[in-house]
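Please take these sequences and the hints and turn them into a complete structure.
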Amino acid sequence: KACGWALRQYSKYNPLSVKQFVDENPNLSGLCKREASKYLA
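Quick note on numbering: my numbering labels position 19 of the sequence shown as 261, and the sequence is numbered without any gaps.
In short, the hints are calculated from the structure, not lab data. Treat the hints with care, as some may be off.
[What the hints assert, rightly or not] Keeping only pairs whose Cα atoms sit at most 30 angstroms apart, straight-line, the calculated BS3-like set for lysine-lysine is:
id	residue 1	residue 2
1	K261	K280
2	K243	K280
3	K275	K261
4	K243	K254
5	K243	K261
6	K280	K254
7	K243	K275
8	K275	K254
So, in structure tokens, the structure goes:
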């Protein structure tokens, strides 16, 4: 849960880096991916 929250917050400032990180780490939990992608277009 904390992973997703941190990535979601960071995606407001650097969305490309967050998208790249999520794409390169398929072992992230579904919740982490969902939260990280919340503000990505």
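Kindly indicate which numbered hints from before are broken by the structure, ordering the numbers from low to high.
-> none
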